[in-house]
Every structure is written in C-alpha cells, then in structure tokens.
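If you want the building blocks of each chain, they are given just below.
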Amino acid sequence: MDRFNEKQKKELLRIGISFVLFAVLMVLEHTHVIPENMHGSLIMLALYLVPYFIVGSDVVRKCLIGIKNRQLFDESFLMTIATIGAFGCGEFGEAVAVMLFYQVGEFFQGYAVGKSRGSIADLMSMAPDFANREAEDGSIEVIDPDDIEVGDILIIKPGEKIPTDGVVIEGNSLVNTSALTGESLPRPVAEGDQVISGCINGSTLLKIKAEKEFDDCTVSQILELVEEASSRKSVTENFITRFAHYYTPAVVIAAVILALIPPLVSGNFAAEFGKWVLRACTFLVISCPCALVISVPLAFFGGIGAASSNGVLVKGSNYLELLANLDTVVTDKTGTLTEGRFKVAMVEAAKGFDTKDVIRYAAAVESGSTHPIAAAISDACDDPIAQSKIKDIENAAGKGISAKIGRDKIAVGNRGFFEDQEIGLPAESPAVAGTNCYVAKNGKYIGTIVVADMPKKGAADAIRDMLKSGVKRIMMLTGDSTQVASSVAKELGITDFRAELLPQDKVSVVQDLLKGLLEEAGGDDKKRGRLAFIGDGINDAPVLAAADVGIAMGSLGSDAAIEAADVVIMDDDLGRIPSVMDIARRTLSISKQNIVFALFVKFSCLVLGALGIANMWIAVFADVGVAIICILNSMRMLKK
Amino acid sequence: MKKKFKLEDLDCANCAAKMEEAIKKIDGVNDASVSFMTQKMMIEADDAVFDQVVEEAVKCIAKVEPDCKVILK
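Heads up: the sequence lines are chains P and W, in that order.
First residue of the first sequence? That's 1 in this note's numbering, and the numbers climb one at a time after it.
First residue of the second sequence? That's 1 in this note's numbering, and the numbers climb one at a time after it.
Hints listed in this document are in silico derivations from the structure and should not be mistaken for laboratory results.
Small disclaimer: the values here were computed from a predicted structure and weren't measured.
The reader is advised that the hints may include incorrect statements.
Said to hold, decoys possible - One side of the interface only, derived from the structure: several residues of chain W facing chain P at Cβ under 7 Å:
# : residue
1 : Cys12
2 : Ala13
3 : Gly28
4 : Asn30
5 : Met37
6 : Lys63
7 : Pro66
Stated by the list, open to error - Straight-line C-alpha distance at most 30 Å; calculated DSS-like pairs for lysine-lysine:
#  : chain 1 : residue 1 : chain 2 : residue 2
8  : W       : Lys3      : P       : Lys233
9  : P       : Lys356    : P       : Lys457
10 : W       : Lys6      : P       : Lys212
11 : W       : Lys24     : P       : Lys9
12 : W       : Lys6      : P       : Lys9
13 : P       : Lys68     : W       : Lys63
14 : W       : Lys63     : P       : Lys233
15 : P       : Lys404    : P       : Lys356
16 : P       : Lys527    : W       : Lys24
17 : P       : Lys592    : W       : Lys2
18 : W       : Lys24     : W       : Lys3
19 : W       : Lys63     : P       : Lys526
20 : P       : Lys7      : W       : Lys6
21 : W       : Lys24     : P       : Lys233
From the three backbone atoms N, C-alpha and C, an ideal C-beta is built for every residue, glycine too.
Hey, can you work out the whole structure from these sequences and the hints?
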C-alpha cells in the first residue's frame, strides 16, 4: 500500500465502503428481499443516498462552493447535477453507480498523473539534496544547498551529487554528467577543473570551492527552464484550451434542449420528460472537458522530460512542436559542425622521407610557438625530439619558424616563407583543404602538413539523419574562406553553404531564408516552413534569436547560451538533434492521438446518449476513462 | 517581479487553465501561469502591487478549486 499516499488511501477506503453498501443494496433489491412495492420509495432513496454521500460528498461539497462562487460548468457541478437528475428520475442505483464509477476514475486519473509527474521528477533527478561544507577548523557540516555561499569549501564523497558549480581544489575523480548531458561516459576531473552541479562524483573524494550560489548554478537554471517550459504553450495546447472553453457550455446547453424539446414536441410532456432528463444527464457527464484538457499538456510535458533525459533542454512546448516540423536547418560551422580547434588533417612526405619524420621535425621547431597550428602539430607527434637538441629558434611572424635540431636546420612555414628563402616547393596543393605548413630540412623540401579544423565525429551522420527526418534544406554559414567551407560541406554532405560572412551577415542570411519560406507559403505566416539555427551559443545570440528555433550546442555551464537559445544541447553531440526531432514528432503524434481519441469517444457518446443507447455508465467512461487512457498514452513518452 | 509558488492538491487540469485565466486578469499582472503538471504557479507582476496581486491570486484559486492550497513562502 506504500504506493498510495494518505489522501489516496482515504479515497480508496471511501470507494470500498460505498461499493460494498451499494452492492448489498443492489443484491437485496434484485433478489426481491426488499419487496417490489418499496422500489423507488423514499426509504430506498434514503438508503441509496448513504453510499452516494460516502463516495461523493466532496464532489457535492465542491459543487455547492462552486455555485456560491459562480463557478458553474466545473466537473463537480456537472456530476452533481447529473446524479441528482438520475435520483429525480427514480434511477437510484444508476445515480450511485455513476458517482462511484466517477470517483474510481478520478482516483486512477490522480494516481496516473502523480505517477507520470514522479517519473519526470526522476528523469530530472539531478537536484542535490544536501552539501557537505568544510569549516575553517576542518570540521564538516551538512547543509542545505540553498545555504551555500560563494567561496565555501565543499566536500563531495564518491556517489554524491555536486551541489553547486565550482572549481576542484583537491582530488582526482571521474564525474558522471549523465543527468545533465545524457552522456554516459564519465568525465575525468582534476585540481583546477570546473565542475557543474548535478553531476555525480564517481570514484574518489573531491574538494571543491563553490563559485555560484545554488540559485544561480547550472542545475537550478535547468530545472527552472524545464518547469517554465510548460508555460510556453504549443499551438495544439492553445487550441484544446480554447476548445474546452466552448465545449462545456455548448454540451450543457444541448443537454437542456434535449431535456425540454423532445418531450414538448411529443405532446405528452409528463410521460416523456423523465426519459429525456436521463439522456440529458448523460450529456452533462460527457461535457466534462478534463480528458481533453489534460491529454495534450501531459504529452508535451512527457516530451520535454524525455528530451532532457537525452541531454537536450527544450525551453517550451512550442519549440518542441516546431522541432517536429522543421523545414530548414541553418548551422554555424566552427565549433558546431567542426571541433573548433586545429588538428593535423594530413601529412605528405617528399620522396625518400617518412611522414613521421616530417611531423617530428615540425613539432620540434614549433615547440617554441603558442600558435594554434603549432599546438595541433605538437599534438600529432607521438615521439617528440628532446628539447635539449633544439637550438636557435627563429620566428618570422606570420610566415614561419626555423630552428637547429642537432646539426640540421629545419624550417616550417607557409609558401611565402619558403619563397623568401628560395626553397622549391611542389606546385600543387594537397587534396585536403586547410592550412598548409611546409617543412624543409637543410634548405630542401621534405613534406607538407595540412592543418584543419576537423568536422566533429558523428556530424555527417547527424546531417544525414536530419535530412532523413524531413528537413528539406540544410545550410552552413561560416566566416571562414570559401575553400575551407566547401571542403567541410562536402565532407559532411551539405550542399548549401555561405562562406566569408561577418557575424551580422549571418543574421541577414537567416532573415532572407525566413522571407523565402514566407513567400513559399504564399505569405501565410502560420503555414510557412520553420527554420532552426544551430550555433555554439557563444557569439550567435542574434542569429539564435532571429531563427524560429535557436539551438545552442555544447554550452553546458554557459549562462549566455542557455539564455539566448530555445533549445540547448548539453553536450557537444550533434546527433542529439535528430533524436530530439524524433521525440518532438512522437510527442506531437501522441497528443494528436489523444485529441482524436477523446473527441471521437465524446462525440460518439453524445450521439448514442441522445438516442438513448449510451447510458450514464458509458458517459462516465467517456469522461474519466478517456482521460486515463490519454494519460497512459502520454506516459509512453517517458519510456526509452 | 516574478515569483513561483507551489500548489497543493491541484487535482484538475481544467481548473488549472481556469485559474491561469483568472489570475491573468488581475490588475498589475504582466504574466501568469498555473501548471497542472508541475503543480506550480508563476506570477509576474509590478513590484508595487505584488503582494496585493498574490492575495488576489490566492482568492482566485480558492474560488476555482476550494481544496487547492497555495504554499506562500
């Protein structure tokens, strides 16, 4: 019974007692223990009112308060009127059964909603419950994360959550960032590294210095965003809220008409009235809009929850809706599609030389430089030459660098550098686009190293998956040269790119594309295709804002990006975009299924009820039963 | 000023929608939301009248769903 809370247990008890009493009454009546002439009498009414009030007293109470507050058309009001109507027509058993069934439905509905709320909370179970603060005398106290002050020294034991953003001052450990990024591989941290709240400390004790108060830390911000996401409503949600607004009054009016007109028309008002009142009561039961109202937001809530457990933060239901139907995706290059730092892409050696030697020599010469290209070459060398052998480093700024290694003179630089020294170079550039670094030994060319900003692993797959998911156009924007851009685009399978753009140009490209989409739709802003921009979130804020959906990449811990973007990919993985698009589409299809199902059942019951085929039992199913089925359907979003 | 409040025993989705509508109509409220799923209410209102607005909002909620309690921190 631990699955239910106190309130639910009480509810169950009331339902149980009422059900037993009701069953006894029904049996007594049907087995003729209670004489036939007593059926429908006031005594029977009184007897049936006992289980009715046991199970439905709160509904009746809410109805009365509702009347006092002029809140007509709420569920309690409608249920009470409907059951009173049934009592009035002498259908005591039916009245009690309907109330009982309704409460059973409400109970399950509450249980299912609570359950799905719980599973979403689990998905986002990144919020820390406590922190261990080390006082100046070395003693440790357990405090609430809210009480952390900037500069506090916090101890994180293995298996505990990091309570706030900070920097490691002692210890080496692996931290699990999966709650935030969906990335299952733990990240190694050491002294001096930044750590983010919500990550779980793996193997060894860490000591960190708090850099943010709990309210400003990453986890708090994320939880805040996810909670607020439901206030940015999707078109579907708005539609259903508006629909519910008119639906209930319309059905209630229909019920009144149904109770009055047919008996009047029949000419025998007194004889027909009771039958039609019962049918009208069926209408009242069906008119409750909760199944409709709950079905859509729940699906979106589940979708946002599912996305965040995949390491994608979606800041509103409306963005999820847009992601499902993207037409155009515009993406930044550096740092988004590519690593954002230089790497050796290719090494060519002249005849008689080994590529390994080319790299070794170049790395040795470049060891004195801090240029990003130098760093890339050093990274590529597994077998560096001892520093003691490197002498006389000469730097020709912007051109190249030379040094003596042992007795050999090695020079590394661009074409201009070698032309100055009149060293002959091969006329053709290597096949891979990038920055060419030529290497010479004792005045003779020995090889070329191509350094480039390499596309990210999985970027090509992500692009392909996006196209497969229905994106019609993918365009890459970059400030880089056309040559570099075209080589990256080719490698990733992007056919459309614009190069040599200034930051403000990117905004105007996006605006032009939006204009194009608007024209395509014949000027109808609601129907036009939607555009998403993917950037690294650092200097893209205006473009992120100009697009329909701004997606920021790899910005875990970057406040600015989380602020500017509508969708935040917590780690660097582009592959999350197709998967969140998939989540978005599933969310949309579940919410549509819910709407269609709920409306279909409700309208069928209205028609059948008017014809006298559907009784009040079926009507209760059309209300709470449908709601429960919609909830269960929405909860599929939370399964992986 | 923008502030969030926890709601207890908010049992019906349609009620949440009604509350939200009613709170948005209070004078001085710039934005408001009542989320059935998170059981939270957010009110964004002018600083000068904020406390009054919250009081009004609590009344609105009691009207729509008498059993629903606002946790005022």
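Quick rundown of the hints versus the structure:
no.: 1; hint: Cys12; verdict: holds, 6 Å
no.: 2; hint: Ala13; verdict: holds, 4 Å
no.: 3; hint: Gly28; verdict: violated, 19 Å
no.: 4; hint: Asn30; verdict: violated, 13 Å
no.: 5; hint: Met37; verdict: holds, 4 Å
no.: 6; hint: Lys63; verdict: holds, 4 Å
no.: 7; hint: Pro66; verdict: holds, 5 Å
no.: 8; hint: W:Lys3 - P:Lys233; verdict: holds, 19 Å
no.: 9; hint: P:Lys356 - P:Lys457; verdict: holds, 24 Å
no.: 10; hint: W:Lys6 - P:Lys212; verdict: holds, 25 Å
no.: 11; hint: W:Lys24 - P:Lys9; verdict: violated, 35 Å
no.: 12; hint: W:Lys6 - P:Lys9; verdict: holds, 23 Å
no.: 13; hint: P:Lys68 - W:Lys63; verdict: holds, 9 Å
no.: 14; hint: W:Lys63 - P:Lys233; verdict: holds, 24 Å
no.: 15; hint: P:Lys404 - P:Lys356; verdict: holds, 18 Å
no.: 16; hint: P:Lys527 - W:Lys24; verdict: holds, 29 Å
no.: 17; hint: P:Lys592 - W:Lys2; verdict: violated, 33 Å
no.: 18; hint: W:Lys24 - W:Lys3; verdict: holds, 14 Å
no.: 19; hint: W:Lys63 - P:Lys526; verdict: violated, 37 Å
no.: 20; hint: P:Lys7 - W:Lys6; verdict: holds, 18 Å
no.: 21; hint: W:Lys24 - P:Lys233; verdict: holds, 15 Å
Consistency note: the structure conflicts with the earlier hints numbered 3, 4, 11, 17 and 19.
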